[in-house]
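Generate the whole structure from the sequences, applying the supplied hints.
Quick mapping for you: the protein sequence lines, in order, are chains A and B. In this text, residue positions in the first sequence follow numbering that gives the first Met the number 0: the first is 0, and each later residue adds one. In this text, residue positions in the second sequence follow numbering that gives the first Met the number 0: the first is 0, and each later residue adds one.
Hints are computed from structural coordinates only; laboratory data are not their basis. There could be a bad hint or two in this list.
What the hints assert, rightly or not - Restraint ranges, calculated between C-beta atoms of paired labels, are given here: (1) A:SER207 with B:ASN316: 21 to 27 Å; (2) A:TYR271 with B:LEU53: 30 to 36 Å; (3) B:PRO221 with A:GLY173: 44 to 50 Å; (4) A:SER207 with B:ALA103: 25 to 31 Å; (5) B:LEU169 with A:ALA270: 39 to 45 Å; (6) B:THR153 with A:PRO59: 29 to 35 Å; (7) A:HIS352 with B:ARG68: 51 to 57 Å; (8) B:ASN316 with A:GLY67: 29 to 35 Å.
What the hints assert, rightly or not - A short list of chain A residues far from chain B (calculated; beta carbon distances all over 10 Å): (9) THR55; (10) ASP58; (11) THR61; (12) GLY67; (13) VAL139; (14) ALA160; (15) ALA192; (16) PHE223; (17) VAL238; (18) THR254; (19) LYS278; (20) VAL334; (21) GLY365; (22) LEU369; (23) GLY373.
From the three backbone atoms N, C-alpha and C, an ideal C-beta is built for every residue, glycine too.
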Amino acid sequence: MTEPVAPGTPPEPLEAAPPETVAARFEALQRAGGLLVPVVTLLMAFLIAGLILWATGYDPITVFWDIGKGAGLNWFGHLTTDTGQASAYNFTQTLLGTTTLILTGLAVAFAFRCGLFNIGGQGQYLVGLIVANWVGVSMVHLTRPAHVLIGVLLATLAGAAWAGIAGFLKATTGAHEVVTTIMLNWIAVYLGAWAFGQGGPLQGPAKSSPISATIAPSGTIPYFWGDPTTGGVHIGFFVAIGALVVFWAMLNRTTLGYEVRAVGFNPEAAAYGGISVRKNYIRAMAISGAFAGLAGGMDMLGPFAPIGFGSLDVYASSIGFLGIAVALLGRNTAVGVGLAGLLFGGLLFGTGHGLSSNVIQPQLTGNLTLIIQGLVVLFVGADILILYLWNARRKLRPGRKAEPAA
Amino acid sequence: MTTLTPSAERMWRSRLADVRTLGYVGIGLGVLAFWLAIPPFTIRSPLAPILVGLLAALAGVWTVSSGARRLGWGAIAAGVLGIALGVLATYSSTGHLDQVFTAALIAQMLAFATPLTFGALGGMFSERSGVVNIALEGMMLMGAFFGIYGADKTGSWFLGVVIGALAGMLLALVHAFFSITLRADQIVCGMALNFLALGITGYFFFQLYHGANIGTNISTVPNVSIPWVRDQRFIGPALGDLNLLTWVALALVPISYMVVFKTAIGLRIRACGEHPRAADTVGIDVYAVRYASVLVSGALAALGGAFLSVALIGRFNENMTAGRGFIALAALIFGNWRPFGAFGAACLFGFSTALAYQLPAYSSSAAVLFLALPYVLTLVAVAGVIGRTTPPAADGRPYKKQ
Chain A
0 MTEPVAPGTP
10 PEPLEAAPPE
20 TVAARFEALQ
30 RAGGLLVPVV
40 TLLMAFLIAG
50 LILWATGYDP
60 ITVFWDIGKG
70 AGLNWFGHLT
80 TDTGQASAYN
90 FTQTLLGTTT
100 LILTGLAVAF
110 AFRCGLFNIG
120 GQGQYLVGLI
130 VANWVGVSMV
140 HLTRPAHVLI
150 GVLLATLAGA
160 AWAGIAGFLK
170 ATTGAHEVVT
180 TIMLNWIAVY
190 LGAWAFGQGG
200 PLQGPAKSSP
210 ISATIAPSGT
220 IPYFWGDPTT
230 GGVHIGFFVA
240 IGALVVFWAM
250 LNRTTLGYEV
260 RAVGFNPEAA
270 AYGGISVRKN
280 YIRAMAISGA
290 FAGLAGGMDM
300 LGPFAPIGFG
310 SLDVYASSIG
320 FLGIAVALLG
330 RNTAVGVGLA
340 GLLFGGLLFG
350 TGHGLSSNVI
360 QPQLTGNLTL
370 IIQGLVVLFV
380 GADILILYLW
390 NARRKLRPGR
400 KAEPAA
Chain B
0 MTTLTPSAER
10 MWRSRLADVR
20 TLGYVGIGLG
30 VLAFWLAIPP
40 FTIRSPLAPI
50 LVGLLAALAG
60 VWTVSSGARR
70 LGWGAIAAGV
80 LGIALGVLAT
90 YSSTGHLDQV
100 FTAALIAQML
110 AFATPLTFGA
120 LGGMFSERSG
130 VVNIALEGMM
140 LMGAFFGIYG
150 ADKTGSWFLG
160 VVIGALAGML
170 LALVHAFFSI
180 TLRADQIVCG
190 MALNFLALGI
200 TGYFFFQLYH
210 GANIGTNIST
220 VPNVSIPWVR
230 DQRFIGPALG
240 DLNLLTWVAL
250 ALVPISYMVV
260 FKTAIGLRIR
270 ACGEHPRAAD
280 TVGIDVYAVR
290 YASVLVSGAL
300 AALGGAFLSV
310 ALIGRFNENM
320 TAGRGFIALA
330 ALIFGNWRPF
340 GAFGAACLFG
350 FSTALAYQLP
360 AYSSSAAVLF
370 LALPYVLTLV
380 AVAGVIGRTT
390 PPAADGRPYK
400 KQ
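What follows is the structure, encoded as structure tokens:
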């Protein structure tokens, strides 16, 4: 297998067009970070999702309106901090999902900037979650800030170590990171199913159900809006925003980031310039895994703290995979990941628990999210398709000489 | 030996002296070390597995020192594992052993290995032609849902399986269009299709069946009951009553080998996967070969999915494949992109899964960990600890005509 092409790099030019043409302006946009591809991608994905809804007898406009309400968008209509209100409650849950998705998105994005495709965000997230659960349940003699900090820090390190395995194997034996991270994902899944499962080391006091104990009060992350039992959002949201800044600064303002990006652009050239490619593969994967581990740790000590996490939750969890769509839609940039995280956070809650609609059931809209997620990854992965369509459009215009397709 | 002609005898000698033979003997001894402790032999002394396992490790050391590193380490690992498992088995009661190690375990192993074999063979066609197929999971899921949908609507399991295969090919067509024609990143595209398949099958399952189980009187793929074999002592419960699709999978292994390695078509497929430019130069239509291979891949993977729904349980559940497509991918890699290797890996992974379902007799928590074995083994294999696996040279590289 070859190195995946980081979508941050501009696609090969289809033709040398004079700068006035649509395609050239489009290409300039691409190079400038490209707002057009994500927007066109989203439009296409929602259009196809709407077509599926329409073909199966639902009114797409009403469904999307209900999803928007489920995500708490109507909160902006009547601002309130009372999470007893459905709109405010939904909006806090959207922010909670955004927190996790920003971090799992960064986990994919950082590796991408080094030319690595980290599919293992899910596994790194789970490992962080398992470690945070262990800390949160067992180290009860600690005081509150220390307990939370140790839990989150160890979860971050666990995620870094889990991804570091893939980076180390890539650096030393050349094992493809896509294959190794897929394997590590499933190992983490069964590790979690074992740990929280029947007779496992982290199983809670209820010996009949495969679910962990709840987190000790000293280990729970404080909430700045609402509280964990009735719903709300914890201060990890600001940690995620901070992670976006750290991501940007690390990539663009440090030697480490320079080296990582250099390896991402061209490993041979980077090596020729005196940069150790191997060292950067390990570093980039470990930093990627740290983001995902942090996400898992904060989820465990935040929303899952009062209810615990079980074997079935391990099998059902897929928020780490959603990070792939977030990173690709955000074009692996800090701002992009933040916005894409917000979008998918809203979509995730709005189509799931938040949805209260009398036209469609959440089981259907939940799968609609998966379809949109798949289409987004498909279209962003093939941004050449969008260029191709622009080109075809240009060729169809009368009065212009048809040019051969690339 | 007296009847052998001199040349045949020489051939036998050289083969016996070949270190590779010694390596295989070592692996065999490692398996034997464990086997001695379980039914039908059930030797209760830990001495037997230790002695035989040590012999296996010794053969392994010899093999390593003679140059065949991969095989030798394999034999050493088999010996150590054989000792560990064998000694463990002698400590547990014979009642437990009789419960876990039955001939039906082999039938179960084959049932678990069937979807993996279909998936891995499918993946092999695609990757041998140079297109990475990480979407095996999604293609299997499409086959599983649309297979049972077809069987429900047409009332015929055969048509159901055909419809399932067509659904898998449809997803494969998308994969082919994006990764061959548009030259998108094949891994990104494959991941996207996995999400897409999960969403599409889940959506239509709820839309058409309201999430409830599909009727109980679905026409399912029948089992093949072989009259004489069925009544034999050990082979009977193991092979006498297997599903038709299991036999199809077993037959596909040598057929795929013949097609890929012994025919002109196979040569073309492999040429496109190793050096597409060279293939193009001699007049092979790289795009056509890759399209065809990816489509075959989709159909085979979907058959694996249809086996789960239309043959094994006659139902569909959301995300029913539950990672089997990725185990199939692991089997393909572990089997070094070869049909018999992939089948061997599928059997090994199928065996570990079958064992995991039997092991709760000992400990329910540890049995879950057994399910991770395929992934650990593949991780070790790609890391090159026991020899390196080598993918086709142009695997994952889009081709652009000049």
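Verification of the hints:
1. A:SER207 with B:ASN316: 21 to 27 Å: Given about 23 Å between the Cβ atoms, the range holds.
2. A:TYR271 with B:LEU53: 30 to 36 Å: violated (51 Å)
3. B:PRO221 with A:GLY173: 44 to 50 Å: At roughly 47 Å between Cβ atoms, GLY173 of chain A and PRO221 of chain B fall inside 44 to 50 Å, so the hint holds.
4. A:SER207 with B:ALA103: 25 to 31 Å: holds (29 Å)
5. B:LEU169 with A:ALA270: 39 to 45 Å: Taking Cβ atoms as reference, LEU169 of chain B and ALA270 of chain A lie about 43 Å apart, which means the hint holds.
6. B:THR153 with A:PRO59: 29 to 35 Å: holds (31 Å)
7. A:HIS352 with B:ARG68: 51 to 57 Å: holds (54 Å)
8. B:ASN316 with A:GLY67: 29 to 35 Å: Between ASN316 of chain B and GLY67 of chain A, where Cβ atoms are some 30 Å apart, the hint holds.
9. THR55: violated (5 Å)
10. ASP58: With a cut-off of 10 Å, ASP58 of chain A remains clear of chain B, as the shortest Cβ separation is near 15 Å.
11. THR61: THR61 of chain A is indeed farther than 10 Å from all Cβ atoms of chain B, at 16 Å.
12. GLY67: The claim holds: GLY67 of chain A sits with its nearest Cβ about 19 Å from chain B, beyond 10 Å.
13. VAL139: Answer for VAL139 of chain A: holds, closest chain B Cβ roughly 24 Å.
14. ALA160: Fine: 15 Å to the nearest Cβ keeps ALA160 of chain A off the interface.
15. ALA192: violated (5 Å)
16. PHE223: Correct as stated: the minimum Cβ-Cβ distance to chain B is 33 Å, above 10 Å.
17. VAL238: VAL238 of chain A is indeed farther than 10 Å from all Cβ atoms of chain B, at 27 Å.
18. THR254: holds (28 Å)
19. LYS278: holds (18 Å)
20. VAL334: At about 21 Å from chain B, VAL334 of chain A clears the 10 Å cut-off, so the statement holds.
21. GLY365: About 7 Å separates GLY365 of chain A from the closest Cβ of chain B, which leaves it inside 10 Å; violated.
22. LEU369: violated (3 Å)
23. GLY373: violated (3 Å)
This entry does not satisfy hints 2, 9, 15, 21, 22 and 23, going by the numbered hints stated previously.
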